[in-house]
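Chain by chain, the residues:
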Amino acid sequence: MPARPITGALLASELALQFRRRRTWAMLLALAAVPVLVAVAVRVSSGPPSGRGPVFLDRVASNGLFVAIAGLSLSIPLFLPLTVGVVSGDSIAGEASQGTLRYLLIAPAGRVRVLLVKYAASVAFCLAAVFVSALAGVLIGALLFPIGPVTLISGTEISPPAALGRLALVAAYVSVSLLGFAAIGLFISTLTDVPVGAMAAAVVLSITAQVLDSLPQLEWLHPWLFTHHWLGFIDLLREPVSWDSFGDNALVQACYVVVFGALAYGRFLTRDVLS
Amino acid sequence: MTTRRWQRWIPAAVIPVVVVGGALALPLRAGAEVPLPERSPQEVLALLAESDVDTFSGTVEQTSDLGLPSLPSLSGEEMGLGAGLEVLTADHEVRVYADGPDRFRLQVLDERGERQLVLNGAEAWTYDFRENEAMRVTLPDGAKERIESRLNELKSEQTMTPSAIAERALAAIDPSTEVTTRDNVRVAGRSAYELVLSPRYEDTLVGSVAIAVDAETGMPLRASITARGETAPAASVAFTRLSLDAPEESLFTFSPPAGAAVTEKTLSERTPSGDSAGVEARSGEHHVTHEEPTVVGSGWSAVAALPAGSVPAEVSSNPLLLEATTPVAGGRALSTALFSVLLTDAGGAFAGAVPVEQLQAAAAAR
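Chains as they are written, first to last, in my numbering: chain A, 1 to 275; chain B, 1 to 366.
Careful, some of the hints might be misleading.
[Stated by the list, open to error] Beyond 10 Å from chain B on every Cβ pair, some chain A residues (computed):
id: 1; residue: L10
id: 2; residue: R43
id: 3; residue: I147
id: 4; residue: S154
id: 5; residue: R166
id: 6; residue: P195
id: 7; residue: L231
id: 8; residue: I234
id: 9; residue: V258
id: 10; residue: V259
id: 11; residue: G261
[Unchecked claim] A few chain A residues that don't get close to chain B, going by computed Cβ distances all over 12 Å:
id: 12; residue: L15
id: 13; residue: V203
id: 14; residue: L251
[Stated by the list, open to error] Here are some chain A residues pointing at chain B (derived, C-beta under 10 Å):
id: 15; residue: F19
id: 16; residue: L152
id: 17; residue: P161
id: 18; residue: D193
id: 19; residue: R238
id: 20; residue: F246
Calculated directly from the structure, the hints in this document are not laboratory data.
We put the beta carbon where it would ideally sit given N, CA and C, even for glycine.
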């Protein structure tokens with residue numbers, strides 16, 4: 001059964017293609033710039049008054065490790081969905097518009113496998129994006145600010161290595177948060193041959209979901225929105241760790257992955273590939 | 001060809017339907033019957049009185065739907081009046097850890113921060129992450145011993161059995177209140193009896209008060225108040241998770257993090273309890289003035305009254321309060337599903353679980 005090696009080779013070539021593109025690097029650089037900007041801005045100014053601004057922004061000056069978390073929480077509403085939307089929205093529609101989708105499907109791979117590989121590449125980008133953002137935050141924070149014991153939001157102090165562990169948890173949480181959105185982007189991408197349209201639609205959808213999430217009149221809808229738990233990573237910074245939102249978030253994202261994965265499958269298998 | 005295309009859509013259509021159906025059906029399981037041995041209301045009350053659980057950890061959810069406008073200016077940062085209103089209008093998730101009667105930790109999980117109350121013997125800490133402010137409250141020397149000896153005294157005096165307490169309590173409230181049980185419930189994964197107290201007269205806004213009593217330990221697991229004529233509770237406090245194991249030792253020691261502003265406070269004998277930085281700032285009147293309110297009437301329709309001139313002008317002209325209240329004859333009123341507050345033009349205040357008209361009548365009778 002040659003299925004495994006082919007999937008592996010397909011995934012490897014897809015990942016190589018993905019991370020060799022200049023666009024991917026530009027987006028990762030932009031994401032890395034967010035925590036750098038935050039750190040520099042706090043360094044040159046006196047910082048916001050306590051209790052205002054994004055989570056942890058007011059603590060950045062006292063501890064460099066907060067830069068990574070402040071940077072992530074700034075990137076979550078717009079920059080991360082923007083870049084993930086570009087990658088996942090482009091995944092099928094981009095190939096279709098360039099006329100390469102046909103050749104991809106001529107290989108004895110099957111459409112399901114192409115779809116899976118495309119989604120895997122989007123997921124890889126999600127992981128890379130969050131990792132780069134967190135890493136840039138830690139590095140610039142260590143460079144510009146003192147590193148010391150970190151105060152969790154329950155008032156408990158933990159050592160810097162333990163804090164890095166918490167940061168890894170937060171990064172995992174944020175990566176998981178993006179999985180559902182990447183599946184939505186993939187589905188939109190199977191609908192059209194115009195990649196820009198798919199990207200824009202995906203990004204607009206993420207913003208719409210966040211707007212709906214902020215309307216108190218739609219409270220019944222909130223737990224079902226894929227953006228609802230995006231900022232819930234704060235529960236990982238409590239002592240003891242509250243895993244509830246991690247579980248809820250993972251469940252919601254899994255539902256979105258399954259539903260939109262199935263829709264993408266239905267659409268992609270029935271569509272006529274003309275170009 | 002068209003049939004094949006149609007068939008290929010089947011898995012794609014079935015999966016979303018299953019997921020959405022599952023998501024909708026899951027909450028329905030909560031309505032399943034909970035089998036427990038039959039108990040009369042009095043027996044359940046005795047079970048409640050018998051309960052001596054003081055070691056547990058759990059998560060409590062407080063929700064309120066009082067029909068108050070959710071004020072945009074209430075961001076949870078306001079202290080005093082704002083914090084009081086915030087408790088009333090917003091929902092909260094609180095983690096509670098208790099180990100014995102004098103070690104206790106409470107964490108109010110805010111969306112973007114956390115507020116703490118740590119009690120360990122004669123020392124108590126409050127900490128607000130967003131403000132980065134800690135307060136240490138110490139009980140005066142000897143106070144702890146005095147409280148303990150008084151407690152022991154009470155215990156030795158108290159020769160009544162739980163069932164006797166339940167009987168007396170029932171007899172005391174019977175003229176005004178009907179006590180019944182309704183279908184058993186599951187709260188925080190535990191089976192519980194539900195005790196329902198309903199006022200016998202219709203002159204109050206309260207429709208019923210329900211208390212879920214853990215079948216195993218007698219611990220109250222949920223309390224909810226439903227307004228008259230409503231089916232969903234207007235306010236409820238419930239455990240969503242509960243473990244009776246002893247919490248981790250380290251939770252009860254607190255040292256303020258570096259960089260936090262720390263204030264020290266030693267409680268004098270007069271102050272009944274520490275002000276926990278808005279965590280328990282609930283009763284509006286007590287914040288406004290230290291004058292003791294008088295109570296008019298009895299039972300469910302009792303009205304608490306403060307004499308004219310006891311509400312300072314800066315409180316009654318507070319923009320937040322002006323936003324929350326509406327002008328009525330004789331002053332301004334705050335009207336919710338469960339209670340009403342009337343601030344008279346003369347600076348008096350009336351509050352009770354009654355409609356505003358009854359407060360106006362009480363004010364006019366003065």
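Verification of the supplied hints:
Interface exclusion of A/L10 from chain B stands, the closest Cβ pair being 22 Å apart, more than 10 Å. With 10 Å as the threshold on Cβ separation, the claim that A/R43 sits away from chain B holds: the shortest Cβ distance comes to roughly 17 Å. Even its closest Cβ contact with chain B, about 13 Å, leaves A/I147 beyond 10 Å, as expected for a residue assigned away from the interface. Some Cβ of chain B comes within 10 Å of the Cβ of A/S154; the nearest lies about 6 Å off, and the non-interface call is violated.
The claim that A/R166 lies off the interface holds: its Cβ sits roughly 14 Å from the closest Cβ of chain B, which is beyond the 10 Å cut-off. A cut-off of 10 Å between C-beta atoms confirms that A/P195 is not in contact with chain B; the least separation is 22 Å. Residue placement check: A/L231 does not keep its beta carbon more than 10 Å from all beta carbons of chain B (closest about 8 Å). The Cβ of A/I234 sits about 7 Å from the closest Cβ of chain B, inside the 10 Å cut-off, so the non-interface label is violated.
At the 10 Å boundary, the C-beta of A/V258 falls inside the reach of chain B, the nearest C-beta of that chain being 6 Å off. Taking the minimum C-beta to C-beta distance to chain B, about 4 Å, the non-interface status of A/V259 is violated against the 10 Å cut. Interface exclusion of A/G261 from chain B breaks down, the closest Cβ pair being 8 Å apart, not more than 10 Å. The beta carbon of A/L15 sits about 26 Å from the closest Cβ of chain B, which is more than 12 Å, so the claim that it is off the interface holds.
Even its closest Cβ contact with chain B, about 23 Å, leaves A/V203 beyond 12 Å, as expected for a residue assigned away from the interface. Its closest Cβ contact with chain B, about 9 Å, brings A/L251 to no more than 12 Å, contrary to its assignment away from the interface. The restraint placing A/F19 at the interface with chain B is violated, with a minimum CB-CB distance near 30 Å, outside the 10 Å limit. Residue-level restraint check for A/L152 holds (minimum Cβ-Cβ distance to chain B is 8 Å; threshold 10 Å).
The interface hint given for A/P161 is violated, since its Cβ lies 18 Å from the closest Cβ of chain B, which is over the 10 Å cut-off. Taking 10 Å as the C-beta contact cut-off toward chain B, the hint placing A/D193 at the interface is violated, the least distance being around 19 Å. With its C-beta approaching chain B no nearer than about 6 Å, A/R238 sits inside the 10 Å limit, and its interface hint holds. Interface hint at A/F246: violated, since its Cβ lies 14 Å from the closest Cβ of chain B, which is beyond the 10 Å cut-off.
Of the hints listed earlier, those the structure fails to meet are numbers 4, 7, 8, 9, 10, 11, 14, 15, 17, 18 and 20, in rising order.
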